[in-house]
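Engineer: Each residue of the sequence shown is one higher than the last, beginning at -12 in my numbering.
Certain hints may be false.
To be verified - Straight line, CA to CA, 20 Å or less: simulated DMTMM-like cross-link-like pairs of lysine to aspartate or glutamate: (1) K93 with E75; (2) K48 with D25; (3) K22 with E60; (4) K48 with E60; (5) K63 with D80.
Simulated from the structure, these hints should not be mistaken for laboratory data.
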Amino acid sequence: MTGHRFHYEHAERLLDPKRKEWIDPQRVISMLSVKPDDTVVDLGAGNGYFTIPLAQATNGKVYAVDVQPEMIELLKQRAAKLAVTNIEYRVADVASTALPSHSVDKGIMAFVFHEVEQKEAGGTKRSRP
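From just these sequences and the hints, can you work out the full model?
Structural biologist: Here you go:
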């Protein structure tokens, strides 16, 4: 990612309850039709606004991918406090996650695309069957 990255020092803003008024994680989970055994990826996971609700919605694995190790650390702390244990954390760019092919059933990349340096690579890799 490059340029317009949301800085981890402002991470608490991502958890502002007012966000649910315009983008409720539960609605996103419903739109994705997350099933109990789905494996899900959250690209640009940040501190887990979507990641934790996704992990609570499935018994499968949730990959949390973020380029900022500080965001991943904040997410780990939140998940530990909530006893969420089915998240696998990856510090990586969304265009190069190193996830195995066909390893994910569903995915989300919310409020991150403008930060992706290689937009074409990120988009095509994510849309593969």
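Engineer: All hints, please: hold or fail.
Structural biologist: For each hint, the structure was consulted:
no.: 1; hint: K93 with E75; verdict: holds (15 Å)
no.: 2; hint: K48 with D25; verdict: holds (7 Å)
no.: 3; hint: K22 with E60; verdict: violated (27 Å)
no.: 4; hint: K48 with E60; verdict: holds (18 Å)
no.: 5; hint: K63 with D80; verdict: holds (18 Å)
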